[in-house]
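Throw the hints in and build the complete structure from the sequences for me.
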Amino acid sequence: MRPCFYLCELSDRTLIPRWALSLARAQKSRKSGTDALRPAPLSSLFHYYENSKSLAKRADTNRPGGKYSRIMRRRQGDTIAKFSASSTMLAIGFGLWFSLACVGMAILWHYSTTPGKEGDPPRQWPSSSALRREPGTSTIVMFVHPKCPCSRASLEELSGLLAHSAGRLLAYVVFLRPPGENDSWTHTDLWYSASKLPDVRVVNDIEGRETRLFHAAVSGATVVYDASGKLTFHGGITGARGHSGDNPGRSAVESYARSGTATLTRTPVFGCPLFDPNSQALPPRAATERRASECGDNQSVSRLR
Amino acid sequence: MTSSDSIDERAHEHFAAQQDSIYRHTDWLFARLLVFQWLAGIAAAQWIAPLAWAGTTSEIHPHVWAAIFLGGVICSFPVFLAWKMPGRALTRHTIAVGQMFTSALFIHLTGGRIETHFHVFGSLAFLAFYRDWRVLVTGSVVVVADHLLRGAFWPESVFGVHAVGVERALEHGGWVLFEDIFLVLSIRQSLREMRHVARHQAELETLNTAIESKVAIRTAELGASEERFRQLSATAPIGIYQTDSGGNCIYTNHCWTELSGLSLEQSLGDGWKQALHAGDRENVLRQWQLAAQAGQDFESEYRVTTTSGELRWVHARAKAIFTEQGQLVGHVGTVEDVTERKRAEIDLAEARDTALESTRLKSEFLANMSHEIRTPMNAIIGMTNLLLDTTLAPEQAEFARTVSFSAESLLTILNDILDFSKIEAGKLSFEQEDFDLRETIEDTLELLAENAHAKGLELVGLLQPGTSTHLRGDAGRIRQVLTNLVSNAIKFTETGEVVVRVSEEFRDASHITIRFEVCDTGIGIAPESQAQLFQAFTQADGSTTRKYGGTGLGLAICKRLVEMMQGDIGMESEPGHGSKFWFSIRLARPVAPITVTQPRFDSVANVNVLVVDDNATNGLVLHYQLAGWNMRDDHASSAEDALDMLRAAAASGDPYHVAILDMQMPGINGLTLARAMRSDPTLAGTKKIILTSLGSRLDAHTMQEAGISECLSKPVREARLLNCLTRILGSRCLPQQTPSVGKWASTTPASAALLSGPLRILLAEDNPVNQKVVLLQLKKLGYYAHTAANGAEVLSALEGTHYDLILMDCQMPEMEGYEASRRIRERERNLNSPQTPRIHIVALTANALEGDREKCLAAGMDDYLSKPIRIEELAASLARFR
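So the sequences go chain by chain: L and W.
Just so we're aligned, residue 1 is where the first sequence starts under the working numbering, counting upward by one.
Just so we're aligned, residue 1 is where the second sequence starts under the working numbering, counting upward by one.
Hints are computed from structural coordinates only; laboratory data are not their basis.
The C-beta atom is built at its ideal place from N, Cα and C for all residues, glycine as well.
A hint or two may mislead.
Residues from chain W that face chain L, not an exhaustive set, calculated with beta carbons under 10 Å [as the list claims (entries may be wrong)]:
#1 I48
#2 P62
#3 F69
#4 L70
#5 I74
#6 P78
#7 A104
#8 L105
#9 L109
#10 D146
#11 K273
#12 H277
#13 M571
And the structure:
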């Protein structure tokens, strides 16, 4: 079928190939009047229209008041209106509408696929972190804004990831609690979803100390340190904002968990910013590391759950 | 255009209309669905990701804005088209695109959840509602394009993996196509069914059109019929009405409203009853109620009072109408104004009463006239006959005979007129009694024999052998017809003979048809006059009346009488050669078994008889009679031949034992022949019987001198002849019992004297002349009687003397004969003595009208003689009671 068929169909034009018309007419001539209502399968795609057209002409002649005649006249009118202003307006309207929908979809795609600010986690597990590592075990830490809807997909991906890592990873989900906020601000549905994940330690990061310590900027940012405390991966484990499904970040972490080697060491993070964009909440990584070493590990961990 | 083409066209029209309806309906369905999806998308976005956060600050999540604006854009144009242009191809294809965009948006808003992909398949299934495979193509193209684009740039959003090939996109497209195949097949099936339905609808429509056309025709016919009925009903000259099963009027026509003065509305229901006349109301309503309840037809004549107070007679009829199941529907009837007819009937009734009164007066007049005429006629005829029996000078005898003839003629005329009057009045009745045909004939001939012999005519009665003689009917009427015909024959015959032949024409199990023929050798009747003979007051020609007299009623009366006896009458005649009148009547077989003791013929069997008569018919009659008694007979037509035959027989040793001689023969008469036989010694042993005409009987001296043993009057009765033969042959052979039928037993005046003996007779007659006549007649017959002037004297006379017979005049002063008879019978019942024999009462009355005879018998009388009393009838009556 030719694409123009649809275009013509959209304006109610009956564009029937000549060979198909000839075939249909030949078949009709071989059949009786009742068979005309049952066109052969081969010509069934076209015969109805041809028949309807010819019948419409006869109907217009013999039965001017008939319902079918009105329908066919309207169809004929549509055909004629192809050249009229209204049809042009319709075509323009259809094109405009289609374009707008496509553009809207494109903008949405763009929003969803635009990563957040890239973080810069320390290369070595910060000693000042209140998060405890276990010896001989790699540690994965995900930083989550408790109210970020996009992070639900990150938690789902983390859940799947941990299910496939078979206990080779020690997992922390750190929920940011900005200064001046209480625990209720943190305890959202995401908190409870994370709490339900097996082998996951949920951390209420008071005033975002750990978040800052690991230099996470976007909710869903994930870091993986090996057993020696060396950073092996950092970035997002979703393919787009709030979009679950297979993605390079998750694949990289799963690869590391299975083989000890990550296919990627960094991926973009899709989620809500953890801090106000205009604030200087996230200090440079060197200062953070220094401050952490000065304060000691115990001072940086507010609480573990 | 053929019928098939027409059906095809209509099927296509229905199909297109149905398709258009589906398109429009589905357009609106999707329009609502799109709007719903839009709102649902906003709600879902608001629920899933209401806000986008950045630290502690938040803002409306872009997904919410996308759901609002992008979703709005997606559904706006399709909804607009569905609103403004439903049913068009552009609309449904735009809807298909929009629905697929909505699927894409939903998938995005739900974070690419695989479950949301089902929206795509659901949408395609929804699009199949259009039953237009092209819409599926459009939707599928959008889906495939979306997958291709996303697969190329963002594969994980569609396929869940971040790196896919074209084959994965094709696989997804293949699954969509997989669904499309089933949907297209479903659409094709649905379209086929739609076409099927459309064709059925077209056929049904064609059928309906045909039916409607027929209905229209029938309706038109019905309308025309109804119009015709309405016109008929409106213009009918009689009232027409219809009632329901309860008898309430539901329709009347204009004529009824005109007739009764009631309007249509007033007449409906039971309003028509107010038109009934008060005098007829109760009766009519009762009849109508009975008819309405029983479902019977109704018919009545009654009066109605119009609103103007006028009284009118109507004749109403109604016929009950039933359903096929026999349930009463109501009545349909007519009301006819019969006022004029009713008035005419009243006038007619009055006229009839007047006519009946006139008839009664006429009958009374006839009775009076008959009585008044017969009384003097009795005297005239009786006295004249007595006068003729005295010694008169020739001229005086001639005068007396003229008087007698004129009186007889006058009596005949009177009888004819009375008979005709009775026939015309329909008062003539016929008796059904057993009788003896032979006696009836012989009686008739005997009465007329005198007239015939007076003219020198032979009067012969010939009853064909084998003819049934015991029959049932009115012998008196037969005798009357026969008498009339024979009288006419005698009247119009100057010379020759009058022969009465009676034969049996036909018989079945219950009836016998007897044919009577009266043949004469008279003047005959011209052919042109024959046709008028049986009409009243008509004779052959005017000169006949002048010459022969008569009223012309005789044959007309005969014809009527014969026809009333289920018979036929006719005649054949040749002028100058005589006439033959005949009639045949159908008579019943007798009810009572005939107990006739056959006479003993032994003494006469094989007796050799010579009949000497110049008349061959007479000889034939005697031959039949003699042969019937097993006698041997020979016939000689003249005296000379007779002498020769007598001598020859004597010479041969087989002489004739008896010779029956006719008195009147040309040349040598019977008396001379007898004397000749007496003078011949060889013929001395032959007994001689001479046949004479009535009234010319030989005296005893003459008979003795001629050696004649018996003298019989012609026509000779069979019984009398047999009696005579047996007597002269030395052995009486009378029947031990005479035939039981026939009251008019044979007794001639001549023989009455022989049979007479001491008989105490009382004559009750108030008229001295008639008293004298009857006494003289009795004296002539050898009887003597006492007289009484009225019934009271009769009763007084009976106190002292016993009488065997009373001749009772019916009309007498002081006490009528009827009353006297009743008293006598009552007296006999009171006495109840077997030693006292019953008195026979013979009525003498001048009343000859119908019913007089019955009246006499009812009063206890035994017989009836109508005045004028003829001596023969008197003798016969006296003989019956001996």
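(message) Name the hints, by number, that the structure is in violation of.
(response) 11, 12, 13
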